[in-house]
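Given next are the chains, with one letter for each unit.
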Amino acid sequence: MEEVNVTVTINGKKRSAKVEPRMLLTHFIRDSLSLTGTHIGCDTSQCGSCSVMVDGHVVKSCTLLAVQVDGSEIITVEGLGTVQNLHPMQKAFWEEHGLQCGYCTPGVMMAAIGLLQENLEPSDEEIREGLEGVICRCTGYQFIVSAVKHAAALMAEEKQVVGEGR
Amino acid sequence: MIPSKFDYVRAESVEHVVQLLQDSDGEGKIIAGGHSLLPLMKFRVTEPGKLIDISRIPELKGVRLERDRVIVGAMMTHREVAENPIIKEHIPVLSDAARLVGDIQIRNRGTIGGNIAHGDAVADLPAPALALDANLIISGEDGLDVINIDGFFLGPLITALPENSVVTSISFEIPPSNAKSAYLKYFHPATGYPVVGVAVVLGVNSDGLADYVRIGITGSGDVAYRAKSVEQELIGKPLTEDVITQASKLAADDGDIGSDLFASETYRRNLCSVYTRRAISSLLD
Ligand SMILES: Cc1cc2nc3c(=O)[nH]c(=O)nc-3n(C[C@H](O)[C@H](O)[C@H](O)COP(=O)(O)OP(=O)(O)OC[C@H]3O[C@@H](n4cnc5c(N)ncnc54)[C@H](O)[C@@H]3O)c2cc1C
Ligand code: FES
Ligand code: FES
Chain E
1 MEEVNVTVTI
11 NGKKRSAKVE
21 PRMLLTHFIR
31 DSLSLTGTHI
41 GCDTSQCGSC
51 SVMVDGHVVK
61 SCTLLAVQVD
71 GSEIITVEGL
81 GTVQNLHPMQ
91 KAFWEEHGLQ
101 CGYCTPGVMM
111 AAIGLLQENL
121 EPSDEEIREG
131 LEGVICRCTG
141 YQFIVSAVKH
151 AAALMAEEKQ
161 VVGEGR
Chain U
1 MIPSKFDYVR
11 AESVEHVVQL
21 LQDSDGEGKI
31 IAGGHSLLPL
41 MKFRVTEPGK
51 LIDISRIPEL
61 KGVRLERDRV
71 IVGAMMTHRE
81 VAENPIIKEH
91 IPVLSDAARL
101 VGDIQIRNRG
111 TIGGNIAHGD
121 AVADLPAPAL
131 ALDANLIISG
141 EDGLDVINID
151 GFFLGPLITA
161 LPENSVVTSI
171 SFEIPPSNAK
181 SAYLKYFHPA
191 TGYPVVGVAV
201 VLGVNSDGLA
211 DYVRIGITGS
221 GDVAYRAKSV
231 EQELIGKPLT
241 EDVITQASKL
251 AADDGDIGSD
261 LFASETYRRN
271 LCSVYTRRAI
281 SSLLD
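Chains as they are written, first to last, in this note's numbering: chain E, 1 to 166; chain U, 1 to 285.
Hints are computed from structural coordinates only; laboratory data are not their basis.
Worth double-checking, as some hints may not be accurate.
Computed beta-carbon distance windows for the label pairs [claimed, not checked]: (1) E:R128 / U:S281: 22 to 32 Å; (2) E:E73 / U:G49: 25 to 35 Å; (3) U:L40 / E:E3: 22 to 32 Å.
According to the in silico footprint, chain U covers these stretches of chain E (three or more CB under 8 Å from chain U) [said to hold, decoys possible]: (4) 8-22; (5) 40-48; (6) 64-74; (7) 127-138.
Ideal placement from N, C-alpha and C gives every residue a C-beta, glycine not left out.
Pulled out of the complex, with its shape left as it was, chain U reads as follows (with noise of 0.2 Å):
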């Protein structure tokens, strides 16, 4: 299958971006590592006339600390989210969550901007990005912008993402020292993105009593969500496992959850349970 054509151009830098975006009257378009959109571009069900690579521009890349946050680069791979040290040691539901991208192939290419600039409501990145209450850098026409990832995908494939604008890093907050958490995957059997997928931050006091809740829940939805009734009925409560399984019950209310081709509305609010609960148990010793 072979794309519509189009002009390509390698930008050189994130104004340059701007810049091509700008001038090119609704034609333009990113390309990342291209696992999402070329496979659409294949089956022409998206024909850009222009293609801006952000693949070689530096400063996309890379991961540092700043304070109470860890920014990673756009253009970094899944692979290379899944193995950095420091998201690794700070933000491990992220790398967690990486590591069950696709396949080896697919996570040496496809990048963390890309996986939550697409907005596909089966990608798995929204969901640990919710739960560490990610914020979007974005350099647009009228210069940085912020956009909390809570709000942030609108509808399947529809995001708040300004026009000509890029993603340029994403900030995810470090929980608390106290705190645990968990990525858990139910695998489409065909297409290995999550039925659903559950990623969870909590933090257990020494009275026992849950004291940080952070639920993001991707796959099931119209769009990845937070998990906020399940948080609140979570919180300062002792975690038994009875707690737990009637907190968890509330996992899909904030979703948009519909029945599609693959699964019925009532198994998929069940799924978002089960996840829900299993992975939270996960976490207790």
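Looking at chain E on its own, in the form it has when it is part of the complex (with noise of 0.2 Å):
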């Protein structure tokens, strides 16, 4: 069982690891790559902590192989903002309160990045809809549609969701 290696432009760096076939994309981001933003929780493609942007679609990333994703374009959360120039998605966030512990935090950002790139005006509904592969333990609902809902003013604003220059 033969190491391979795997190529991946994630958050717009090109970066490259020997793994295991086994590996999965968690683990590679998390682990070889070190960017543990990215979050375990289930590990059986539940809770959606995991979540991140592959080739423009969000992905459980505990459910996917690294060599599967080989030659892919990753995002993850730190390919949003930093704490000195947040993405718009994390200022709601910080603003509406969204999140308590933070452990889900991440996957749900990934997730309504993933709604809002399709949809820049979604009704609380839709909001809903689309934050319907992650889980909340600490079951602030409430705020997460408030932050998501707020980041879609504060995005339509700079005409911009994800992408490089952030």
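If you follow the hints, you should be able to join the two separate chains into one complex; please do so.
Quick look at the structure:
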């Protein structure tokens, strides 16, 4: 069982590592690339805390192999903003108290980015639907919905959901 | 949870997949979206020695019209199936069902080919596939083959797919122009899979009589099945409330339905009838 080389463009940077084919994408991101913002909650594709964008679509990285995404473009929560320069999504979660313990938050924000990519004016209903794949154990769902709504307004101003230059 | 060790190859073409399967001495397993296979591998319920990734083969993508049928590539994701304009126009019951699979993240990865080839008794798409008289287009050692969906599912996770072969596309019949359709699903509250899922395609002629009926039911039986007893009971009749209720009582007759830890046989049979009745009624104005 040979190790294989996996190369991805993650948050705009090209990164490679030699891994076993059985390595899950979450472990690749967290352990091989040292980006620990992506969390592992259930490890059974239920909770969504491991959600990342792969080639423009939000997916659960605990249910993917790193080799499956070789050559892909990945965005994790670290690709959104920095503490000095928060992404509107992060700013909105801050301002609307969209998190409590924060464990689910990276996944929730990536799922919300996936939603806003397609619909910058979601109704509460559409936000709830868009977040069907994430679970918040602290159950602060009302605040999460408000935060995503606020983020949509901030992003509509900036006309940018995610990408370079942030 | 980490799967057992395996080798991994990305297949370049359909012929390459068949070759790799043949060369693997039974150790090879196709991986499409991986959203049924990887969970099983993580629990080490299954431990294939070699994964053959078919996800980048261009010929497995796309949707096209061919006379009275719609041909859907096996690697189309649930999301793509739910959003495809050709599918929405001609066989909307398929996109309706695809939209109810798992959640957005799952629909972004899971594929129609994997959903059907896996043979999971609780998968959604077998129901619309049965109601649309689907044919599976298969490439294998002896070249091309076509297998009708009715009879493809042999038991839980057991199908009639020949060894060393790959489903390349699925061809669905376009129902007559007067037909309407619906997919109604009772979600398992924890897993989100269907406890029962009923797909109905129904045509009513100008005299108000049912002239086309196809019903596929998934979730409740050992395998998904065509509810032929209901179809026969309805055909040629006026669709009064009474006729629909009587016919729907036969909804479990063609399935192999038992009890499990989620639900008793009696409950499942009742649910099949209730959801069949509601799905049919939803199509009448
Ligand atoms: C959290 C979660 C929730 C889910 N909820 C639902 C739900 O509500 N309803 C539902 O229907 N499904 C649900 N699923 C399953 C999901 O739809 C799967 O993606 C799908 O059933 C399998 O497709 P896949 O592409 O992921 O197949 P894979 O996992 O890659 O493969 C599954 C099996 O099919 C074989 N296979 C795959 N493609 C082919 C092919 N083209 N030819 C021959 N063999 C092939 C593989 O060898 C393997 O044995 C859920 C999955 C998860 C993880
Ligand atoms: S850790 Fe991936 S979905 Fe929970
Ligand atoms: S904020 Fe604690 S799990 Fe969501």
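Verification of the hints:
no.: 1; hint: E:R128 / U:S281: 22 to 32 Å; result: holds (28 Å)
no.: 2; hint: E:E73 / U:G49: 25 to 35 Å; result: holds (31 Å)
no.: 3; hint: U:L40 / E:E3: 22 to 32 Å; result: holds (24 Å)
no.: 4; hint: 8-22; result: holds (count 3)
no.: 5; hint: 40-48; result: holds (count 4)
no.: 6; hint: 64-74; result: holds (count 5)
no.: 7; hint: 127-138; result: holds (count 3)
Violated hints for the displayed structure: none, as all numbered hints are satisfied.
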